[in-house]
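J.: Chain by chain, the residues:
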Amino acid sequence: MTTYVTPASVEAALALLDEHRGRARIIAGGTDLLPDMRSGKRTPACLVDITGIPGLREIRVAAGHVEVGACVTFAELRDHPFIRQHIHALAEAAASVGVAAIQNAATWAGNLVQAMPAADGAIVALALEAEARIVDLSGETWQPVASLFAGPGRSTVDPTRQLITHIRFPRPAAAWGTAWQRAGRRPSLILPTINCAARLILAADGGIAAATIALGPVAATPFRAARAEAFLHAARPAPATWAEAARLAQEEAQPRSNPLRASRAYRSAIIPALVESALATAYGRATEKESPC
Amino acid sequence: MPRQDITFTVNRRTVSVTVDPAAPLLDVLRGPLGLTGAKQGCDYEGECGACTVLLDGQPVRACLTPAGKVAGREVLTVEGLAAADALYPLQAAFIAHGAVQCGFCTPAMLLSAKALLDRVPDPTPDQVIEALDGQLCRCTGYAKIVAAVQSAAATLRGEVAPAAPATAAPVIGGSALRVDSVAKVTGAAQYVEDMRVPGLLHVQVLRSPHHHARLLALDAAAARRVPGVVAVLAAEDIPGENGLGDYSEDEPLLAPVGATLRMVGAPIALVVAETPAAAAEGVAAIDVRYDILPHAFEVADALAPGAPHIAGDGNVLSAEQLQMGDLPAALAAAEVSLAREYRTAYLEHSALERETVLGYPDDAGRLTIIGGTHEPYYQQKYIAGALALPLEQIRVILPPTGGSFGGKQDPWPFVATALAVLRTGRPARLMFTRRESFAASPKRHPYVVHNRIAATRAGRLLALRAEIDANTGAYDSGGKYIPNYAIIASGGPYRWPAVDLSARTVYTNGPKAGQYRGYGTAQAAFATECLLDELAQALDMDPLALRRANALLDGETTWLGYSTGESLGFVEVLAAVEPHYRALLADAAAFNEAAGPVRRGVGLAGMWYRFGKSGSLRIEAHAELTRDGQFTIYCTAPDYGQGTNTAMAQMAAETLGVPRAHVAVVNADTGRAPDSGIQGASRATYFVGGAVVSAATNLRAVLLGIAAELLDAAPDTLMLQAGRVTSPTTHAEVTLAEVAAEFDRIGHARRVRGVFDLSDRFPAETRPTYLPLFVTGAHVAEVETDLRTGEVRVLRMIAAHDVGRVINRPDAEGQIEGAVLMGVGAALLEEVLPGHTTGLADYYLPTARSMPQIDVLLVEVAGRHGPFGVKGLGEAAMLPAVPAIINATSRAIGRRLRAIPATPERVLAAIRSDAA
Ligand code: FES
Ligand code: FES
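For the protein sequence lines, the chains are A and B, in the order given. Counting in our numbering, the first sequence tops out at residue 293, every number present. Counting in our numbering, the second sequence tops out at residue 1209, every number present.
Chain A extracted, bound-state conformation (with noise of 0.2 angstroms):
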């Protein structure tokens, strides 16, 4: 027997999940949840719908950081008019997710949790270097996103005890700008081919102090591309440059076939593409202006 609950704060959901002794379950948008439940995947008895808790709902763009509620969802992180302006990785990739429909409803903690190797709020908050506030009963701590991923599917974020609360990414104080590139085999309502998400931070004298290029679906988790990442650092920014990282973080990817969606060969191929086209949009709009923010 399913109950609903409503808990009013992060406390009574935590204690809900803990009465029912693993057989509850939190839930925000739903979207992914539901039809899991409907193919017997999961069978939670309770679900904890955390939607209506204070505080989780907000996005706070403070000096250092943005952080983001556990129930934001993607049209809310898609419309707010600063990550428009300045995180336009971030915006893109919430509306890459589904469709519209879907982005009022779904949520970018709910994604992490997911852990699908394509998950589009995965591979941007890879490349933010973003962090997430984990609760439970023994406290709370903040991980990198980037160590919530076990597996295809499989998350270290248990949400029968667990909830994400926030999830926040730095603001460097240089110049930097980020990108977002998307293949699939129709222009929406669709899984990636691949996607990829890339963030520049330059150096006062105009080269590049530190890259992040975060791909799907190229492994069992989402993926950065860490021998890129490295060249790019301190290199010069130029198209030879953007070619090159995107040619080794072609090297380091290993997709998989699905005759379903994409060859494993023609993943790979379109790589370099999306990569290069990323960086070299994230550099654009570093160097955009002064400091975008």
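Treat the hints loosely; a few may be bogus.
To be clear about the criterion: a stretch of chain B counts as covered by chain A if any three or more of its residues have a C-beta under 8 angstroms from a C-beta of chain A, and this derived list gives those stretches [said to hold, decoys possible]:
(1) 422 to 431
(2) 1123 to 1133
(3) 1193 to 1199
Worth flagging that the hints you see were computed from the coordinates, not collected in a lab. These figures come from a predicted structure and were not determined experimentally. C-beta: ideal position from N, C-alpha, C; glycine also.
Got chain A sorted already, so can you dock chain B with the ligands onto it with the hints?
T.: The following block gives chain B with the ligands in isolation, referenced to the frame of chain A:
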């Protein structure tokens, strides 16, 4: 059942329901609240958008929203859009712009649009597309919906008056309000899944999970013990023939023990139960044993030595060949000759409404069966055969239907439902899941075509040879006549001194293939039109000039050995597209000067389509003067969204001389309307329309005769108008109600017959390729291709069709726009992969964002025989879209594509191949 009380607001009314809080909101709306305007088009998976409602003003998928989530919140469904006395401006605009065809997607479209306009009063077309994106529509091609939203936005801003349907007057060629649109924009239209019947039973099907297997044993004892299960029906429960009559050779309704099951989804048993859950439990409880056999998916594998025997003689279902002229001589004389192989994919119609059929024993002791179909009288015959009942014991009615495109010609759901009703004596409904629809409904035949073309260097066509293998999958399912259609389409509207065209249908263990918009013609036209483009390139000749130089002229004897009976407007069609074609070529050339990674290309394709080749050449309809002085037309021209109800009313009104509002249509009901044949091969407007006009003409004559007696005037001096007959000379008049009373007094039937008969015009002909009724068309596509990823976007489509005469302009345009978008899907996106594809999550239908700008050019080269000069249109528009897009893409990348869908992967492989 776990239940909780949930209180929320729906359509500004507070409601409380006691439901499972984890149940989808969709079930709560459609079930206890009876708000059936929210539709279900997929298996609660978020893939169709038909269930979209507004939650606190925001569109959400009601199938993915748990009921518990809406407590204390506000839900708006389509039923809450209109005010008591007036449609909401969006609803009016949808009707006025012809944005409603089958109507199944309409509620979701309206609500998504409302949410947008509440937020953005003056949206750009891109914003509208974004807001509607992901709400699938399979009928309209989205163009008219986008236009309707923009027009409603202007109304809501107070800039223009609410959209009024242009006219209700009987003006052929104008923009007429559809007779059924109001019900579809308000959510009032009752599709089969919406109907509420007390005591309704639910039918579910045990299907084979194997590609090829022998059924060894079946034990339903445990299933019969499941609480709620009323009956489990297997082959031995079928009183009559265990089959689908002449629709499908050797396809059992339910496979008997010992038979082979030739595909995944082959039906074995029906479970009839009080609830869907009990039916599902019953299906799972049946004990089945199979012997798994080797299988083949490809025609080549099914024909190879040592291939598994599937059916027929060496796995061949049917074959046909047409030879005219001296092919060897023509090939020998050729200065240029090309031989190529083309391939097409399995396609699924994906009408937004799934296969759903309802049946019940009616008060007259008959079995009444309600469902979307092209041929109620055929269904009646198939049911009678399987149930061993006389025809008059069965009544088949067509309800509002959510699209077909040929998919709902399969009699299986009808016969299975009728069996369940017969065996239980209770009302029962069979509703396919989307997964079942993908597995078990007929698909479009995949083709492998080997074509050879020969020409002179100056571009005169000399010969065409085609060898066509059509994969009919596991069962015939109406695939028998495919070779005939393939051959005719293959040659197209061109002058060939010699042809050798052969085609065959081959059994495999893929899904059964059957009727699909264009019935076997589009795949053949694709191959020929692509090869013509390759020839043009080889000759360094303009593809339009090549086609024009070889175009058949009206009255000319065709390569089929007979001349066209209907007017042939291909030259006019080519002339219509030419300026657009030149402009797009210039645009693409200018764009490509940048030599960037994105390239544009322009492609052209022509076609002809032989319409009406399906059933009798003698068609009947009735017209009645009602007691209150209005009119009713009785005919069988099933309307599953394309607008035949409206077209029939319009033609009758025009003939009678009364407003269309005075004409009702009783259509596609074997209990009330005469058999006007099958609705296939785009014949309704031409043939049934002809019969309707004939009936209206006959009624008018009788009516004026009787009125003349009453008015003491000569019949030919009288005028028939709305509700009355007047004499312009004496100014005397009599109401139609009075005339009707006079009919009754003198004992003259108020219902008269009309017949449209071409059998004497086209004398008895035994050649199977014979029927000289052709329509033609040509499409131009402009595409944009990313050379780095192989992604293709169709930017523009110019679609010109010779329709003879336009009856209802928005409907004609809507048919073409819908077909063009279906063409975009077939060319770039859609493919059912046997063993892999499951449903809408992995079969990629075009969404609003896939829509190109579409310009429809209606060319009116008046026909000779049909009513008002019309010709058949609905299917033809599908044919040239695919080759036009593929030719454009091939031009953009400088490599030839010969297989569809042209996925990014295929396109990139072509780009990176050496051979041009
Ligand atoms: S039924 Fe909800 S998206 Fe298909
Ligand atoms: S009108 Fe949109 S699906 Fe039929």
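J.: If you test the structure against every hint from before, which numbers come out violated?
T.: none
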